[in-house]
Structures are given as C-alpha cells and as structure tokens.
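A.B. asks: Chains A and B, in that order, give the protein sequences.
Using the working numbering, the first residue of the first sequence is number 1, and each one after it goes up by one.
Using the working numbering, the first residue of the second sequence is number 1, and each one after it goes up by one.
Since the hints were derived computationally from the structure, they do not count as laboratory data.
All figures in this text were calculated on a predicted structure; none of them were measured in a lab.
It is possible that some hints are incorrect.
[Stated by the list, open to error] With a cut-off of at most 30 Å between alpha-carbon atoms, the simulated DSS-like pairs for lysine-lysine come out as follows:
#1 B:Lys262 with B:Lys358
#2 B:Lys286 with B:Lys200
#3 B:Lys21 with A:Lys42
#4 A:Lys59 with A:Lys200
#5 B:Lys286 with A:Lys286
#6 A:Lys286 with B:Lys42
#7 A:Lys286 with B:Lys200
[Unchecked claim] Stretch by stretch, here's where chain B covers chain A in the computed footprint (C-beta under 8 Å, at least three residues):
#8 5-14
#9 85-96
#10 297-305
#11 348-355
Glycine included, each C-beta is placed from N, C-alpha and C at the ideal position.
2 protein chains.
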Amino acid sequence: MSLKGFQFSVVEAAIKKPGRKDLALIYSEAPAAAAAVFTTNKVKAAPVLLSAERIACGKAQALVVNSGNANACTGTQGMVDARETTRLVAAGLGVSDELVQVCSTGVIGVQLPMERLTAAIPGLVAGLGSATLDDLAAAIMTTDTFPKTAVRSGVVNGVGYTIAGTAKGAGMIMPNMATMLSFVLTDAAVDPVLLTPCFKAAVDRSFNAITIDGDTSTNDTCLLLANGAAGTDTIAADTPEARQFAQLLDEVLLELARLIVKDGEGATKFVEIRITGAASGADAKKAALAVANSSLVKTAFCGQDANWGRIFAAVGYSGAQVDPDRLALWFDDVCMARDGVFAGGDAEARGTDVLRNKEFTVTVDLGSGQEHATVYTCDLTHEYVSINADYRT
Amino acid sequence: MSLKGFQFSVVEAAIKKPGRKDLALIYSEAPAAAAAVFTTNKVKAAPVLLSAERIACGKAQALVVNSGNANACTGTQGMVDARETTRLVAAGLGVSDELVQVCSTGVIGVQLPMERLTAAIPGLVAGLGSATLDDLAAAIMTTDTFPKTAVRSGVVNGVGYTIAGTAKGAGMIMPNMATMLSFVLTDAAVDPVLLTPCFKAAVDRSFNAITIDGDTSTNDTCLLLANGAAGTDTIAADTPEARQFAQLLDEVLLELARLIVKDGEGATKFVEIRITGAASGADAKKAALAVANSSLVKTAFCGQDANWGRIFAAVGYSGAQVDPDRLALWFDDVCMARDGVFAGGDAEARGTDVLRNKEFTVTVDLGSGQEHATVYTCDLTHEYVSINADYRT
C-alpha cells in the first residue's frame with residue numbers, strides 16, 4: 001500500500017486484557033481536509049461530542065483511538081478525559097488540540113483509566129511510523145474476530161492516489177449514521193466542498209445499510225481524512241475525477257461494511273436483503289431493515305430453514321406499503337413465493353439448498369412500485385447469545 | 001369456574017404431530033355481544049380477514065380455532081378454506097355462518113389440510129360440553145410450554161358473573177394490536193357500546209405492552225364474547241358496574257399477557273420495563289420498547305450482567321426525547337446510574353444480585369417530563385435460538 005503522508009502507531013495501554021494493543025494513533029504529516037459522520041444516538045459518548053465539535057472546521061491532523069472502554073455515560077469527567085487525551089497527543093505531536101480527533105470503543109459507563117492513558121501516550125507518539133494500517137485495525141478491535149481494511153487506487157491527471165480504510169464493529173450494529181468506528185484515509189487532494197457530501201453518500205450506501213443486531217451504538221464514528229500528500233491536483237466537485245473518487249470511496253466503505261457483517265457476533269451467514277417493487281426508497285429501506293432485524297428471520301437463516309413466511313410477516317409489519325396478493329420472494333434465483341403464496345414445485349428443497357451456503361441473497365418484491373433498497377445482515381446464533389451474555393464478565 | 005352459557009370442545013385433527021389436540025371450538029348457547037382486535041400486520045392471514053369482516057356486526061356465537069397451521073400467505077385458497085371451515089361448523093351448530101369466528105395459528109405459507117378439518121369437524125361439534133377452558137388453552141398452543149388461562153368474578157345488582165380468558169403465544173410477539181391469540185368470555189350482559197372501547201383499552205395495557213422478539217404476527221387476534229347467560233342486568237357505560245367490569249377485564253388480560261411473556265420462547269427472566277420522566281406517553285412507550293427489544297439488553301439479562309450502559313444506549317436510539325445528563329436507572333430498588341453516569345458504591349454488586357432473580361423491574365427515568373409507560377419482556381437465550389432455528393424441522 002502506497003498511502004502517502006500518514007503514519008500509524010499502536011501501543012498496549014492496559015485498557016483491555018494484557019497482551020492486547022488498545023491505543024492507536026493516526027497522524028497526517030500535514031493538516032488534512034476532514035469529514036465525519038457520527039452516531040444519531042441521543043446518548044453520545046464524550047469523544048463523539050468532542051470530535052463532532054472539532055470537525056466543524058473541516059480539518060484534522062491526528063486521531064487517537066482507544067478500545068476496551070467507550071467513555072460513554074461518563075458525564076463531565078468523560079469530557080475532561082477526552083479533552084486531556086487529545087491535549088497530551090497534540091502536545092506530543094506539536095499540533096493544535098483542535099486538529100486532534102478522538103474515538104473510544106468498548107464498555108459503556110466506566111471512566112477511562114487516565115493514568116494509564118497518560119503513561120502510554122508518549123510511547124504512542126514516539127512510535128509513529130512503526131505500525132501499519134493492519135496493526136491499527138487490530139488495535140481497535142473489541143469483539144471483532146479479524147481486523148478489517150480495504151484499499152483502492154485512483155489517478156488524477158496521471159498522478160496516482162490511494163484510499164485506505166479500516167473499520168471495527170461486530171455488535172451494537174444498526175444503521176443510523178455510521179454504526180461503528182471507521183477511519184478512511186486518502187492521500188488525494190480533495191476539494192472540501194466535495195468531501196463531506198461524497199462521504200455521507202458513501203456512508204449511506206454502506207455502513208447505513210448493514211445491521212447485525214438492531215442496536216445503534218453511542219460511539220459510532222466514521223472519519224475521512226484527505227491530506228493531498230500524493231501530489232494530485234485537487235479533485236473538484238462535478239468532474240470525472242470527482243466521480244471516480246466517489247466510486248472508489250463507495251467501494252472502500254462497502255467492502256468495510258461487508259466485512260463488519262461477516263464478522264457479526266456469532267454470525268455464520270452473510271445475507272444480502274434486496275427489496276424491489278417498493279412505493280418509495282424509504283419504504284424499501286424500512287422493509288429491508290424489518291427483514292434484516294427480525295429475530296425470527298435471522299434464526300431461520302441460522303437453522304437453514306426456508307421459512308419464507310416469516311419474511312412476508314416482517315415486510316408486513318415494517319410499515320412499508322405492501323400488496324399482500326403480489327408479494328414475491330426469492331432465495332438467490334429460487335422463487336419461493338409469488339402472488340403472495342408458495343411457489344410450489346421443488347421450491348422448498350431448492351430454497352433450502354441456497355440457505356446451506358455461507359452467503360446468499362433474499363429478494364422480496366413488495367408489488368407496490370418501482371423503488372428498491374439493499375441491506376446486509378447476518379444470522380442470529382447461539383454464539384451471539386454467548387458473546388453478549390458474557391461480554392463484560 | 002362458573003362461566004355460564006359457553007361450551008367447549010377439542011379434537012385431534014392431525015394438523016399438528018400425532019397425539020396433540022389441534023382443533024377447538026367455543027360455543028355460546030345464545031348469540032353474544034362481541035368485540036375483537038386484530039393484527040396490524042399488512043400481511044393478514046385469511047382467518048383474520050374473514051373474522052374482521054364478520055365482527056363488524058358486533059355479534060358472534062362460535063369460534064373455531066386450529067393450531068399447527070396459520071393459514072397465512074395462502075391467497076384465495078386460504079380464504080376459501082377459512083369460509084368452508086366456518087360453514088361446516090355453522091351447519092353443525094345450526095347457526096348462521098356470519099356468527100362463526102375463525103382463528104388459525106402455526107406455520108405460515110402452507111395450505112390448510114381441509115380434508116382433515118372436514119373429517120374432524122362433526123366430532124368437534126358433537127363433543128361440545130366435553131372440554132374445559134384448560135383443554136381449549138392446551139389445544140391452541142404451538143411453541144407454548146404451558147396452557148394460559150385467567151379468571152375473575154364480578155357482581156351486578158347482586159348477580160355474579162365471570163370473565164374467563166385464554167391466550168396462546170410464545171414467539172412472534174410484539175405489541176401492535178393483539179399479538180397472539182386470546183379469547184375472553186364473559187357471561188355478563190354488557191352494552192355493546194361499552195364493550196369495544198373497554199376491550200381495546202384493556203388490550204393496550206396488556207397485550208400491546210408485551211414483547212418477546214419484536215416480531216408482529218400475521219394472525220394476532222383477541223376476541224371478547226359477552227353472552228349475558230349469568231342473568232345480570234346489562235352493564236351500561238359510565239356506571240360503577242362498567243368501571244368494575246373494565247377493571248376485571250384489565251386484570252384478566254394483564255394476567256394472560258404476563259403469562260405469555262413468562263412462556264416467552266427460551267425465556268429464563270421476566271422483566272418489567274418502566275419508563276418514567278418522559279416528555280409524552282408515546283415517548284415513554286417508544287423508550288420502553290427499545291429497551292425491551294434490544295438484543296444486547298436481553299442477552300445481558302440472560303447473562304445476569306448489570307450492563308446498564310446498554311439500556312442507556314437503547315433509550316438513546318429509541319427516538320424518545322432524553323436528557324443524557326439527567327438519565328437515571330434502577331434494577332428493582334438499586335440505583336445503578338444517576339445524572340447519566342454510574343451511581344458508584346456497591347451498585348454493581350447489588351444490581352447483579354437483582355438480575356439473579358427470575359423476575360425484576362428495570363426503571364429508567366428519561367429526565368424529560370412527567371409521563372410514564374410499562375412494558376413486559378423476557379431475556380434472549382440460547383434456547384430461543386434453538387427453538388426458532390429448528391421450529392419447522
């Protein structure tokens with residue numbers, strides 16, 4: 001990977017269990033144009049409140065992130081600690097506090113162990129350049145089982161650039177703005193006017209289209225930094241280069257979002273829910289999310305049970321307009337139901353075969369219009385219950 | 001139980017596995033004043049469509065109900081079969097088809113085995129008087145582990161009357177009108193003007209305040225028959241007798257609703273979620289349902305993990321107005337958090353002790369007003385996954 005002008009560092013600050021990296025730093029050698037999307041949860045973690053305040057200037061140069069503790073529901077002390085963390089990092093780097101973003105992920109409601117963070121930050125800053133994006137991806141994991149990164153390359157006037165992203169998240173995942181932590185870095189120079197709308201659109205098509213358990217976190221943050229270190233001309237809005245950049249950004253975010261679902265807590269199936277024939281785009285998304293979040297549908301996926309009736313029930317209560325007599329449903333290309341009733345023949349056996357795969361698509365036509373939406377989800381398994389019944393203990 | 005003027009019958013029609021009763025009949029010796037509440041799911045089962053059409057006249061004399069097959073997503077044939085079932089019952093009883101209600105519960109998307117129903121109905125009618133309400137409660141079970149009944153007695157001008165109810169349901173339970181099957185019978189004479197509003201209010205406070213898995217069924221039906229056989233004066237609206245009747249009806253429905261949650265698929269905990277300090281009643285209910293439906297909260301209950309942060313996260317994304325700095329939370333009488341942060345002291349240990357009980361209350365104050373709401377729910381367990389991953393197989 002040839003991402004220019006960014007350096008990484010990771011250390012063990014003893015926030016998580018011994019032997020696991022839990023504090024990471026991203027540093028851009030020059031201030032970068034920045035855009036971010038934060039959780040819509042009304043209970044926002046301290047780092048979310050602080051980072052949202054700072055991103056307003058459209059610039060950032062560093063990001064410090066810890067795993068193992070969410071610094072959420074921590075009140076005034078939480079804000080003090082988030083500020084102090086960025087102050088220590090800014091002092092070490094010799095940059096303004098305002099250019100330092102901060103993220104936390106982990107258990108809610110416990111104050112940060114500031115003495116450990118304070119002790120670890122000098123080593124974190126000193127270590128810049130010693131870690132890779134993969135190291136960073138590993139350091140931000142909580143219940144994730146593998147680190148998640150995605151990389152694409154583009155060209156502007158003959159000069160190449162890179163977009164590299166990382167993400168974490170395996171539970172408390174439900175689309176409502178960015179639904180986990182994701183950091184996307186590019187060495188392209190991008191007009192700030194283009195950056196934010198382009199990023200928000202990409203987030204909507206990726207992180208806002210996945211759901212594991214329907215729970216929206218207090219800490220979700222998705223951050224994009226563009227530092228221009230590749231030496232490209234600045235990518236301006238409404239140009240072919242802008243469209244290429246948007247496409248590549250979409251690809252990076254969608255790849256990361258899919259990795260999050262594949263690493264869904266306890267997941268054994270990756271399922272793409274496609275709704276067609278909806279009266280509106282909003283209806284399509286409502287119906288897709290109802291199916292993707294239904295415990296009964298998700299346990300049927302787990303059991304490889306071609307129980308399409310549960311899916312019709314879910315679109316029925318989703319709030320979307322549906323025509324019960326025109327509903328149709330496919331598992332991959334096997335039509336299970338048409339005109340609201342079972343398709344007959346060998347659909348049951350062939351549908352069950354589809355559900356034996358690790359990845360498949362469920363398509364539901366609502367028979368009510370021309371709009372569509374896609375959402376990615378996973379199954380609900382014993383392992384999900386085990387992970388979440390025992391997470392803190 | 002001294003419920004007058006109603007007779008019951010149950011038979012084995014081979015819809016469920018051998019050895020299990022699966023067809024039941026309730027018969028009122030005289031036409032009864034009737035009220036009903038049906039699912040809000042847009043995909044409605046054939047029996048729901050037919051019964052809703054018929055209840056408009058405000059009278060019913062019989063109810064035929066089968067378990068093992070929902071007769072949902074069965075199209076025109078499903079309607080034909082529902083009508084034919086009631087025609088056969090009406091002919092056997094010598095009453096008008098229009099006075100026969102019909103309900104089905106079980107697997108979605110499979111046509112009713114009409115030859116078996118046709119063969120079984122003469123015996124069903126002939127057997128009237130041979131079964132008890134408990135027999136009926138057992139015959140309508142699907143994944144339920146115990147039959148559910150509740151009984152109360154009242155008095156009007158010195159004449160006693162009885163309200164007796166039964167319900168079934170353990171999965172696909174989520175409040176949005178009646179969320180399972182429930183039949184409530186009274187031998188009081190009740191003014192039809194009183195009956196429907198009184199019943200709907202009772203349903204809202206009971207069946208519409210429980211959730212097991214957030215899934216709203218295609219078949220939910222809650223039916224009330226008042227046949228006057230006790231010989232009471234007719235209970236008129238806005239009288240002390242009406243208020244007593246409403247209170248007793250509330251009690252019967254709430255008892256049945258609580259039994260459904262206690263029999264929640266795989267449930268090991270019965271949890272009352274109380275929201276206080278809400279800006280509106282609607283906000284209070286939204287917040288209560290978000291907590292009650294959160295997979296992360298429900299798995300924490302399962303693990304007896306006093307993870308109150310997940311509950312704050314749930315109210316935060318519920319859509320209700322919350323003041324993050326004034327949020328407070330109790331497990332029974334143990335204050336876990338106040339002013340948005342951990343209460344400190346020995347709250348963790350004492351809160352964990354509460355969660356070791358089979359029943360407990362979670363109270364969340366949103367710090368935003370004076371309104372409140374209560375919802376009943378259960379935990380999410382391995383057993384829930386087992387039951388629903390393997391239900392059909």
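A.B. asks: Confirm or reject each hint.
C.D. replies: Here is what the structure says about each hint:
1. For the given pair, B:Lys262 sits about 10 Å from B:Lys358 by alpha-carbon distance, which is consistent with the 30 Å threshold.
2. For the suggested pair B:Lys286 and B:Lys200, the alpha carbons sit about 19 Å apart, so the restraint of at most 30 Å is met.
3. Among the hinted pairs, B:Lys21 with A:Lys42 is inconsistent with the structure: their alpha-carbon atoms are about 50 Å apart, more than 30 Å.
4. Distance restraint check for A:Lys59 and A:Lys200: the Cα-Cα separation of roughly 16 Å lies within the 30 Å cut-off, and the hinted pair is therefore satisfied.
5. Between the alpha carbons of B:Lys286 and A:Lys286 the distance comes to roughly 17 Å, so the proposed pair stays at or under 30 Å and holds.
6. The suggested pairing of A:Lys286 with B:Lys42 holds, with an alpha-carbon distance near 14 Å, which does not exceed 30 Å.
7. A hinted pair counts as satisfied when its Cα atoms are at most 30 Å apart, and A:Lys286 with B:Lys200 qualifies at roughly 28 Å.
8. Under a criterion of three residues with beta carbons nearer than 8 Å to beta carbons of chain B, the stated coverage of the region 5-14 of chain A fails, only 0 such residues being counted.
9. Here's how the region 85-96 of chain A fares: 0 of its residues keep a CB closer than 8 Å to some CB of chain B, so the rule of at least three is not met and the hint is violated.
10. Figure legend: the region 297-305 of chain A, annotated as covered by chain B; annotation consistent (5 residues with Cβ-Cβ distances under 8 Å, at least 3 required).
11. With 0 residues bearing a CB less than 8 Å from a CB of chain B, the region 348-355 of chain A misses the requirement of three and the coverage assertion fails.
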